[in-house]
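Asks: Each chain, letter by letter, is given below.
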Amino acid sequence: MTTLNHPAGRPSVLHIFKVYYPDLFGGTLSVIRDICAGLQDSFAAAVLVCSKSGARRHIVVNDVAVERVPSFGDVLSLPAAPTYPWRLWRRIAEHDLLALHAPFPLADLVFALGLGRTRPLVVHWHADIISHAALRFLIEPMMRRTLRRAAAIIVSNPVLIENTPLLREFADKCHVVPFGVDVAKYDRPAVQSGDVNARGRLVLACGRLVPYKGFDVLVRAAHGRNFEVWIVGEGREHDHLEQLIRDYGLQDRVRLLGSVPESERVKLMRIADIFVMPSITNAETFGLVQLEAMAAGRPVINTALDTGVPHVARHGLEAITVPPGDPTALAEAIENLIDDPERRRRMGQAARHRAMTKYSTTAFKEGVETVYRKVVAEQAAAKDANSPAPASRPQTAGLFGAIQIAAALAWSDMRHRYVRSLLGPFWMSIQMAIMVAVLGSVIGHFSNAGAVARLPMLAASLTAWTFLNSVVLDATTALQGSASLIKDRALPPVIFLLQCTFRQALFALHNATVPLILWLALTPKDISGALAAIPGLALFVTCTLAMSLVLGALATRYRDIKPIIESSLTLMFLSSPIIWTPEMIDRGSTVMRLNPLTHLFAIWRDPLATGHVATTSVVYVLACLAVLVVASLVTVSQLRKAAFWI
Amino acid sequence: MVSIHLRDVCLDYPLYGAYDFSLKRRLLGRLFRQTGEMRTIRAVDNISIEATAGARIGLAGPNGSGKSTLLRLIAGVFPQTRGEVRIAGDIVPLLGLSAGANLDFVAADNISLLLRISGRKATPAILDEIWAFTELEERMQRLPLRMFSSGMLMRVLFATATAFPADILLLDEWLSVVDENFSAKAETRLQKMVETAAIVIIASHDHALLRRTCTSIINLDHGRIASTVSLDAPAPHHFELREKRA
Chain A
1 MTTLNHPAGR PSVLHIFKVY YPDLFGGTLS VIRDICAGLQ DSFAAAVLVC SKSGARRHIV
61 VNDVAVERVP SFGDVLSLPA APTYPWRLWR RIAEHDLLAL HAPFPLADLV FALGLGRTRP
121 LVVHWHADII SHAALRFLIE PMMRRTLRRA AAIIVSNPVL IENTPLLREF ADKCHVVPFG
181 VDVAKYDRPA VQSGDVNARG RLVLACGRLV PYKGFDVLVR AAHGRNFEVW IVGEGREHDH
241 LEQLIRDYGL QDRVRLLGSV PESERVKLMR IADIFVMPSI TNAETFGLVQ LEAMAAGRPV
301 INTALDTGVP HVARHGLEAI TVPPGDPTAL AEAIENLIDD PERRRRMGQA ARHRAMTKYS
361 TTAFKEGVET VYRKVVAEQA AAKDANSPAP ASRPQTAGLF GAIQIAAALA WSDMRHRYVR
421 SLLGPFWMSI QMAIMVAVLG SVIGHFSNAG AVARLPMLAA SLTAWTFLNS VVLDATTALQ
481 GSASLIKDRA LPPVIFLLQC TFRQALFALH NATVPLILWL ALTPKDISGA LAAIPGLALF
541 VTCTLAMSLV LGALATRYRD IKPIIESSLT LMFLSSPIIW TPEMIDRGST VMRLNPLTHL
601 FAIWRDPLAT GHVATTSVVY VLACLAVLVV ASLVTVSQLR KAAFWI
Chain B
1 MVSIHLRDVC LDYPLYGAYD FSLKRRLLGR LFRQTGEMRT IRAVDNISIE ATAGARIGLA
61 GPNGSGKSTL LRLIAGVFPQ TRGEVRIAGD IVPLLGLSAG ANLDFVAADN ISLLLRISGR
121 KATPAILDEI WAFTELEERM QRLPLRMFSS GMLMRVLFAT ATAFPADILL LDEWLSVVDE
181 NFSAKAETRL QKMVETAAIV IIASHDHALL RRTCTSIINL DHGRIASTVS LDAPAPHHFE
241 LREKRA
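Protein chains in written order, with full-length UniProt numbering: chain A, 1 to 646; chain B, 1 to 246.
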């Protein structure tokens, strides 16, 4: 399988991020755009992002195909796009290389689940998670799994590896590729080296108006001084900043320009006297925008963060570095530069020189391309080495693998049940409908209450009972039926017991159409009752699963148990309130109260009917479940010997 | 990395008679103080095997000498009664060829299912490659396996079982299934598989075959190692897997 998914020509790379043009502008986006454009000769790029605009899903931006998964907005700085992981998983197979622009926990979710192992992954580490640090304990294990699975990690500055504990764990796969800037774009028609306004007092800052950018510090710094501040960018802090400007009475000197087209921004960079990047947290890892200012030959004032920021424009050479979040120090640095045009000229020249020599777009492009090529080549080599296999490891080990196999077997069981039936899925539902109709009419004669009103509950109970009954019956023969797989293919026996529950759950879903239709047609729709029934239903399924494990193993070890189970099930069916309801007989009957099935049905049926459930039922079921769980654990440990029994 | 480590391993195989499967009998037997002891046979007796990457081990011995049981023990089917078993690497046990095939399913579904069982995902490309190896007509992919002749069935199952390489390959009398017309191709494939697997253990009655394929042969008798013969590395040019049916 050496030629798997290798289209003739360029390998394709999928860029994974939360948002893309035209929904937003910003540093990370321009990096992705530059990678797509710069590498277009050697890699075919595609982008998968979220968008809350609700506009077209598939668009083309700068010759790059962009798929935008709909999102409902941002929750905790993350797009709420429930289908994104699904789309990502589906898209992975179409590409030769995955480029994840971290941090993006929605994508980490996919990689943490172990999906998409077949394609190599490169992580572009743009920043650590700084906001919502309280939720870090949830996200960090996922990020670690993603990084462990990654073939290479690209960072913009070596300082990041030292200062980020998570990256230090994977230091051996980190590659430092500094971002690049196209200096030529900032050339003026005639660049004069002495291009400094002697009385200049225009301070420029650029960036999304979000808290970590620290623009409020800049506004505070302007208070009581005489320089002008122009802030370019849009974002959720806009109102807050405007309020702040009004509060300090700085409307005449401090202006929020909103977002401006790139060509305009270049012009602004050229006419500004000083560029300030007042970012206050390590979310600012590099500061692409300060690099643009450097390319435009502007002196920079940045902040002493633990990231690449003070290393891109260095204190005393191209920049003045001030402590983050300190308006006084910032204001003094600005005034120092304003008062010293010669220093501004010197620093501007040094900045442009550094941008040109150390941060060229060519170096960036080549750096990324080298990593991409290496990763793709390694993958191809790994494929060749153990041809004809893909490099992925088979997943048979562990509980997760067992569940996967059981699910695959159950799915195939269900599909093949339809093979020779014309009606397909509906055959089962029709059987269920007939059973409900017949039993319903019979029960109708027992009680004087309306038989029709009882039908939805009767159908639901029958569906649940059919599920429980078939799972347990299937489990008693499952191991013997799969003897060859257990003994010759060494599959863990527990798979085949799980398979029973999975298969019957799929069948039950078909049957469930009958109660669902009846419920929609015959009862006032009370969603809250249905929601309240869900935990009970989950308990019901869990109990069934545990029961199938225990009884399945027992019936395999002791063959005389199977007939006992069969007759007990019939007895249970008749003695439990399944086709009849507790109201039809004396509710206080001892047999009724002791019968666990009464309670197992009550915990989801009562919420459906009345909206609440008796505490005794819940306690009873939980106690049964505890016993069953202990028994299941014992069973699973004993199942090691199952191969002897079959 | 890949290694098999067995130390002083014993396996008592319980012999369940018709009555031993009955809970009723068991309970009653205990009640009347009948012999509660389960009859067992020591199928693997004090065996120690060390194998690292590159080992090709042949298991020889008469019927009932414990070859298959030992293979199943290594594959993790049977738990050892005593001793220490440590395995590193993915095991692909090919102890029975038709294991898992469902004759009512169409061929393509069987292939995907068999691949899923071994933890692989069946993509159309993999399916096509497996089918190409069988040299059967394309449209037969959509036919149920029960319509296949035994030779055709063999091709499909063989191609599927050997589609992926293994770290540790366990083969039980397996090379004998190769049918005449298909054999040249199957030979190369098996040879390749044996070459790429880090450790191969083959149980067979055919000494000539073991001598050609293995670096050492373990002779088993009544679950014990009777003798171990070290061989030089097999000469790949004389590799021939066709076995006469005994």
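For the record, the hints were derived by calculation from the structure and aren't laboratory data. We put the CB at the ideal spot given by N, CA and C, even for glycine. Check each hint, because a few of them may be wrong.
Here are the simulated SDA-like pairs of lysine to any residue, each with C-alpha atoms no more than 20 Å apart in a straight line [stated by the list, open to error]:
{"no.": "1", "chain 1": "B", "residue 1": "24", "chain 2": "A", "residue 2": "117"}
{"no.": "2", "chain 1": "B", "residue 1": "121", "chain 2": "A", "residue 2": "112"}
{"no.": "3", "chain 1": "A", "residue 1": "641", "chain 2": "B", "residue 2": "86"}
{"no.": "4", "chain 1": "B", "residue 1": "24", "chain 2": "A", "residue 2": "403"}
{"no.": "5", "chain 1": "B", "residue 1": "121", "chain 2": "A", "residue 2": "403"}
{"no.": "6", "chain 1": "A", "residue 1": "358", "chain 2": "A", "residue 2": "112"}
{"no.": "7", "chain 1": "B", "residue 1": "192", "chain 2": "B", "residue 2": "132"}
{"no.": "8", "chain 1": "B", "residue 1": "121", "chain 2": "A", "residue 2": "399"}
{"no.": "9", "chain 1": "B", "residue 1": "121", "chain 2": "A", "residue 2": "400"}
{"no.": "10", "chain 1": "B", "residue 1": "24", "chain 2": "A", "residue 2": "39"}
{"no.": "11", "chain 1": "A", "residue 1": "641", "chain 2": "B", "residue 2": "14"}
{"no.": "12", "chain 1": "A", "residue 1": "641", "chain 2": "B", "residue 2": "76"}
{"no.": "13", "chain 1": "A", "residue 1": "641", "chain 2": "B", "residue 2": "20"}
{"no.": "14", "chain 1": "B", "residue 1": "121", "chain 2": "A", "residue 2": "415"}
{"no.": "15", "chain 1": "B", "residue 1": "24", "chain 2": "A", "residue 2": "567"}
{"no.": "16", "chain 1": "A", "residue 1": "374", "chain 2": "A", "residue 2": "118"}
{"no.": "17", "chain 1": "A", "residue 1": "641", "chain 2": "B", "residue 2": "121"}
{"no.": "18", "chain 1": "A", "residue 1": "641", "chain 2": "A", "residue 2": "631"}
{"no.": "19", "chain 1": "B", "residue 1": "121", "chain 2": "A", "residue 2": "117"}
{"no.": "20", "chain 1": "A", "residue 1": "641", "chain 2": "B", "residue 2": "87"}
{"no.": "21", "chain 1": "A", "residue 1": "374", "chain 2": "A", "residue 2": "39"}
{"no.": "22", "chain 1": "A", "residue 1": "641", "chain 2": "B", "residue 2": "132"}
{"no.": "23", "chain 1": "A", "residue 1": "173", "chain 2": "A", "residue 2": "202"}
{"no.": "24", "chain 1": "A", "residue 1": "641", "chain 2": "B", "residue 2": "42"}
Derived list of chain A stretches under chain B, where covered just means 3 residues or more per stretch with a C-beta under 8 Å from a C-beta of chain B [unchecked claim]:
{"no.": "25", "stretch": "399-408"}
{"no.": "26", "stretch": "429-443"}
{"no.": "27", "stretch": "567-573"}
Asks: Confirm or reject each hint.
Replies: Against the structure, the hints come out as follows:
no.: 1; hint: B:24 <-> A:117; verdict: 51 Å, violated
no.: 2; hint: B:121 <-> A:112; verdict: 18 Å, holds
no.: 3; hint: A:641 <-> B:86; verdict: 18 Å, holds
no.: 4; hint: B:24 <-> A:403; verdict: 34 Å, violated
no.: 5; hint: B:121 <-> A:403; verdict: 15 Å, holds
no.: 6; hint: A:358 <-> A:112; verdict: 36 Å, violated
no.: 7; hint: B:192 <-> B:132; verdict: 17 Å, holds
no.: 8; hint: B:121 <-> A:399; verdict: 18 Å, holds
no.: 9; hint: B:121 <-> A:400; verdict: 15 Å, holds
no.: 10; hint: B:24 <-> A:39; verdict: 75 Å, violated
no.: 11; hint: A:641 <-> B:14; verdict: 10 Å, holds
no.: 12; hint: A:641 <-> B:76; verdict: 10 Å, holds
no.: 13; hint: A:641 <-> B:20; verdict: 15 Å, holds
no.: 14; hint: B:121 <-> A:415; verdict: 17 Å, holds
no.: 15; hint: B:24 <-> A:567; verdict: 16 Å, holds
no.: 16; hint: A:374 <-> A:118; verdict: 16 Å, holds
no.: 17; hint: A:641 <-> B:121; verdict: 29 Å, violated
no.: 18; hint: A:641 <-> A:631; verdict: 16 Å, holds
no.: 19; hint: B:121 <-> A:117; verdict: 11 Å, holds
no.: 20; hint: A:641 <-> B:87; verdict: 19 Å, holds
no.: 21; hint: A:374 <-> A:39; verdict: 14 Å, holds
no.: 22; hint: A:641 <-> B:132; verdict: 40 Å, violated
no.: 23; hint: A:173 <-> A:202; verdict: 43 Å, violated
no.: 24; hint: A:641 <-> B:42; verdict: 15 Å, holds
no.: 25; hint: 399-408; verdict: holds (count 4)
no.: 26; hint: 429-443; verdict: violated (count 0)
no.: 27; hint: 567-573; verdict: violated (count 0)
Hint violations for this structure: numbers 1, 4, 6, 10, 17, 22, 23, 26 and 27, all remaining hints satisfied.
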